[in-house]
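A.B. asks: Assemble the complex: chain A is given as a structure, and chain B must be docked to it using the hints.
Just so you know, the sequences run in chain order A and B.
First residue of the first sequence: 4, per our numbering; consecutive thereafter.
First residue of the second sequence: 4, per our numbering; consecutive thereafter.
Careful: at least some of the hints might be erroneous.
Copies of one chain are not kept apart here, so a pair can be met inside one copy or by any two copies together.
[What the hints assert, rightly or not] Simulated pairs of lysine to aspartate or glutamate, DMTMM-like, Cα-Cα distance not exceeding 20 angstroms:
| no. | residue 1 | residue 2 |
| --- | --- | --- |
| 1 | LYS125 | GLU156 |
| 2 | LYS169 | GLU156 |
| 3 | LYS88 | GLU7 |
| 4 | LYS114 | GLU160 |
| 5 | LYS125 | GLU243 |
| 6 | LYS205 | ASP177 |
| 7 | LYS55 | GLU243 |
Honestly, the hints are just simulated from the structure, not real lab data.
Take a look at the letters that make up each chain.
Number of protein chains: 2
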Amino acid sequence: MSNEPIGIFDSGIGGLTVVKEVRRLLPSENIIYLGDTARVPYGIRSAETVTKYSFECAEFLIKKGIKLLVVACNTVSAVSLYEIKKIASIPAVGVIEPGANAAVGSTRNKKIGVIGTETTIKSSAYKKAINILDSDIEVFGLPCPLFVPLVEEGLIEGDIARLIAKQYLGTFRDSKADTLVLGCTHYPLLKDVIQEVMGNVKLIDSATETAKVVRDILKGQESMNKEGGRLKFYVTDSPERFVAVGERFLQSRIEDIERISL
Amino acid sequence: MSNEPIGIFDSGIGGLTVVKEVRRLLPSENIIYLGDTARVPYGIRSAETVTKYSFECAEFLIKKGIKLLVVACNTVSAVSLYEIKKIASIPAVGVIEPGANAAVGSTRNKKIGVIGTETTIKSSAYKKAINILDSDIEVFGLPCPLFVPLVEEGLIEGDIARLIAKQYLGTFRDSKADTLVLGCTHYPLLKDVIQEVMGNVKLIDSATETAKVVRDILKGQESMNKEGGRLKFYVTDSPERFVAVGERFLQSRIEDIERISL
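Chain A with its partners taken away, still in its complex shape (with noise of 0.2 angstroms):
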């Protein structure tokens, strides 16, 4: 089983940051990524539709033979990732777990900040996950929707990023936050802005963590490749696009990609 790759998807492009995560621990993994760019986003999606475009992604990539499913959204983590692990064989990880877990392990204070798409907030998701943790850590949550436009059009530093993270996250001044999640794999391209403006607060990438727990998964199953590195991209509409952008999010190039109908 060892040389199956690993299956991640997303709706569109942010599941790269978790790719470039995963190849970094990983190096000898074979990766398929799904990006369902005929329907990005998800994040302003209602939850119903959220699920049905999810099951598909997921399905798409069990038929490929994979070994592990990485929900690389935290969107569909949020609201359907307990129903796709029900329909599949194999093991599926999402970005929530892993992001609350190391901000419990990081918080002092008992009080975080979650920041992530409108769909990611309302659902809770977060705040339930480190609730299951502890139950005395006050969460708040916050979403941040200019935050995807922003990444995608590279506007990932300079005065309009700063503004409208100040913006946001003026909101968390009160609060006393020590520990902020990002939770939308758009946002750790952010993380230099966010620092800045948030001061003294850790930051958790959802990313990093999912990436860990991904090995650790691997290694307790003695499944790790030794010998693969392959990199496979599939997308629901032209690849010129998610290319272009996508390259800035996996920090390499993008080779062999192909469109497919979902």
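C.D. replies: For chain B alone, kept in the frame of chain A given last:
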């Protein structure tokens, strides 16, 4: 035929600016509006995908027995209006030609700027429509991808909107265009900020111009309604967000709304 409704569709909420203008000019018309909110935004998708989605929207409305079809989406008007006209047995009106006509009528120095989504600008549809009318006119196109999320978040005034507008529109300073087409149905909500940044430049709002064309066609066909005035909305995702954001666009209540699948 005069009692039959006008059908208007858009990828999401933006087309409501066209509904608002049609209502203002033709308050006695019944209107059916379809917003494909489960797959919005179209402006970042490939022409092929936009064509497929827009056909499904057009067919849905035509089956409802409309007397006229308005494609209230610049992206669709840019890439697939011609094909939609071929399948429709009723008149079909897009937003590009009305906007282009008004811009040509407005410019004195034969220099016109056009702002819109990536796909609209890439299609050069405004440039083509303008140059058919006057081949001497220079057309400067610029995509402004952050404007749509800005409007959907309600950030239509204030520092963030002004800064983003300055960053985009600064590009036009050298072009010396005396006329700027708002080539996306979301942009009229940013009119004040855009006018402030552009100074003494005439702004063309395609929604207003399209409504005039709709009136002229119905007058010409003697198919104007005298006793209607009802509004019916269909959306492809949960109506909740559409109603909340859409009422800002329409500047009136959204009541009769139904969710459908395409």
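A.B. asks: Within a copy, between copies, both or neither: where do LYS125 and GLU243 come within 20 angstroms Cα-Cα?
C.D. replies: Classified as between; 13 angstroms across copies, 32 angstroms inside a copy.
A.B. asks: Between the shortest in-copy and the shortest cross-copy C-alpha distance, which are at most 20 angstroms for LYS114 and GLU160: within, between, both, or neither?
C.D. replies: For LYS114 and GLU160, the Cα distance exceeds 20 angstroms both inside one copy (27 angstroms) and across copies (33 angstroms).
A.B. asks: Give the relationship of LYS169 and GLU156 under a CA distance limit of 20 angstroms: within one copy only, between copies only, both, or neither.
C.D. replies: both (19 angstroms within a copy, 16 angstroms between copies)
A.B. asks: Is it within a copy, between copies, both, or neither that the alpha carbon of LYS88 lies no farther than 20 angstroms from that of GLU7?
C.D. replies: within (19 angstroms within a copy, 49 angstroms between copies)
A.B. asks: Is the C-alpha distance from LYS55 to GLU243 at most 20 angstroms within one copy, between copies, in both cases, or in neither?
C.D. replies: between (26 angstroms within a copy, 18 angstroms between copies)
A.B. asks: Please sort LYS125 with GLU156 into within, between, both or neither, judging by C-alpha distance up to 20 angstroms.
C.D. replies: Classified as between; 16 angstroms across copies, 25 angstroms inside a copy.
A.B. asks: Please sort LYS205 with ASP177 into within, between, both or neither, judging by C-alpha distance up to 20 angstroms.
C.D. replies: This pair counts as within: shortest intra-copy Cα distance 16 angstroms, inter-copy 44 angstroms.
Checked against the numbered hints above, the structure breaks only hint 4 and satisfies the rest.
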